[in-house]
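Could you slot chain X onto chain F? The hints should help.
Residue numbers (my numbering), protein chains in the order written: chain F, -9 to 372; chain X, -9 to 372.
Be aware that one or more of the hints could be misleading.
The list cannot tell twin chains apart, which means a pair is met if one copy fits it or any two copies do.
With a straight-line cut-off of 30 Å between C-alpha atoms, the simulated DSSO-like cross-links for lysine-lysine are [stated by the list, open to error]: (1) K319 - K218; (2) K95 - K77; (3) K77 - K284; (4) K284 - K95.
Since the hints were made in silico from the structure, they are not lab data.
Note that the structure is predicted; figures quoted are calculated from it, not measured.
Number of protein chains: 2
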Amino acid sequence: MPTHFELLRSSAPDAPRRGRLVTEHGTFQTPGFAPCATAGSVKGLLPEQVTASGTELILGNTYHLALRPGADLVRDAGGLHRFMGWKGPILTDSGGYQVFSLAGKRAITNDGVSFAGPDSGQELFLSPLTALEIQRDLGSDIAMVLDECPPHACSRQQLERAHSRTLSWARTARTIHRDWGGIDRGQALFGIVQGGGERELREQSCDELVALDFDGYAIGGASVGEPKPEMHATIGWCTPRLPEDRIRYLMGVGDPDDLVLAVCRGVDIFDCVAPTRHGRNNRVWVPQGTLNLKNAQHRESFVPLQAGCACPACSNFTRAYIRHLAVAKEMLGGILQSLHNLWFLQSLMRGLRERIETGSTRDDLLAWFRADYPGWSTDRAT
Amino acid sequence: MPTHFELLRSSAPDAPRRGRLVTEHGTFQTPGFAPCATAGSVKGLLPEQVTASGTELILGNTYHLALRPGADLVRDAGGLHRFMGWKGPILTDSGGYQVFSLAGKRAITNDGVSFAGPDSGQELFLSPLTALEIQRDLGSDIAMVLDECPPHACSRQQLERAHSRTLSWARTARTIHRDWGGIDRGQALFGIVQGGGERELREQSCDELVALDFDGYAIGGASVGEPKPEMHATIGWCTPRLPEDRIRYLMGVGDPDDLVLAVCRGVDIFDCVAPTRHGRNNRVWVPQGTLNLKNAQHRESFVPLQAGCACPACSNFTRAYIRHLAVAKEMLGGILQSLHNLWFLQSLMRGLRERIETGSTRDDLLAWFRADYPGWSTDRAT
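Here chain F stands alone, though its shape is the one from the complex:
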């Protein structure tokens, strides 16, 4: 059975949906969250610990892996799954976002973008073709087209140029992927909706990508510094125009309230570094909001990070202990907090899935979230 999306429950193109993506490496349930294994590991965690959190899909970064260790090495290792010991599905991005946000010197033309890696100074060239070649070497279950990701504060002219270049690259990538055998070869290809905060560009982007008939559709540019209400407005412009039977992916978004709001608008999958990055920075997600664990108020707090949480941190340790680890800069502090944040998010996603399965509407989901996660405002929804 080739890779395909099964929509299990949906009432409208922009309503909360329940589905699953079936791949050669297993199935993941949607709505679902994919933690980032940026450079080939979910930072600080063993694959078995990631799996135990309820994670079924992870993201690997083309930009990071192409620079180091190199796509050829990962290919020779048998692909990213074998290289990093992750048995489930893997999604790779195209490197576009990182080239524009992280790389040093870069030169962009209609053919692609050449850039120097920040550490090695190694020169790399990303085009619609090479981005796909790298992702083919990595052997991910889902590949993304190369896109140009302009900063939030850019001119209309810049935005339009990026928009039309992204669409042109999407057409090229779609053709290459079809020539290679398409999704039947085991790797799905997603188009990426761009267009910044301009409704007209976003809608045009949706329509042109849908005409190209991708295996799934990503909404890009959601984590480039735009204000949150604008991000949610953008999602609301896109999902009604995307085909109901194809999976939708909001890139780089991982705050709990943002996931709930996007799920309410019909988004299926998400990726973000937030659970592990916050974990390493001693920011702990609980239903009441975010704890800063180094705060002195937790010094003698002999209770779990979150009452009732089944994660390895909450099952075995107190806030006082994990705070001590944080203050003493012990690695285990970041590990335990990363584990908790990931479990927290996966528990939230499970809660959403269960409720959508039993017929909860957008309003039901928001009411549940407000009641059970009182520290997370969703006022920005409206």
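Chain X only, in chain F's frame:
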């Protein structure tokens, strides 16, 4: 049943021995190795990962824990076992070694040593009494007397003064511990043999400590910069004079060859940061010696760190992957290498125990080690 040592097999006071120490928190087999949980965690590892390596005993550091989070906090948490989630036996040192090797300004008198912590500037006073009080708060299964640990390169006069002060402190500590109820209260107390590289002082130290009838005997000053042959000569002076039915502990030593040589002279337990510190520094122990994993030769090495090793790193990952993590400075690299080094050492200790049980002599053990661990010279033994 109160804490006690059972000698299962021994042919002479300075021959390889097999035994076990029974404590309220479980039993550990000897010869045995205790990794350091310096500040309340074996760096980077969850307690369950430490247990899975075959570790039965860990060490907590009085100096570090008294400065941060403070012995009172650990006591209020229910003791170090509960605080850090370690269910097995715990050994604590007295803080003496760290005061002399790590602390900033310090003032030493016959009553004890006052010092400022390196980070907080907090003033602490360690005396034979306060070192025991702190360890009582920590609730370890084995406590150590306060000792003065002079550097390797000190004058004979300095050495003699430290020697007589250490013995005086040992007498004081022994009396206090007896007044508190002794080992029947659940915490054993070990004396520490000092005397540097001076045979006469070491022998005198052994005899006087044995007269005080401690629950076990540690050999101190073995990791203060002396050359290795001198360390092994020192061990050879001490073990023949220690009672055969009491446990012996070589402090701060963890290199595989040193463990084998010390076991051959009748030492029972060891502690060291080496497995995890080397692991974080990309130095990997294998029977053929120490791998520097960042070395380019491992770049495309799609084999485990060590063939046949059952550790989580070798069971699931290749040298090429772990090298990539090391080069990319991913936390998981240090974690996997720490796990491997710890499994490597515990596998070595298990091999020694099995061979001593079936009657192997010192020569048998050395021959086995030379054959099975060809990269580790034991020439310094002779």
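Against the structure, the hints come out as follows:
no. : hint        : in the structure
1   : K319 - K218 : neither (32 Å within a copy, 32 Å between copies)
2   : K95 - K77   : neither (36 Å within a copy, 53 Å between copies)
3   : K77 - K284  : between (35 Å within a copy, 26 Å between copies)
4   : K284 - K95  : between (38 Å within a copy, 28 Å between copies)
Of the numbered hints given earlier, the model fails hints 1 and 2; all others are met.
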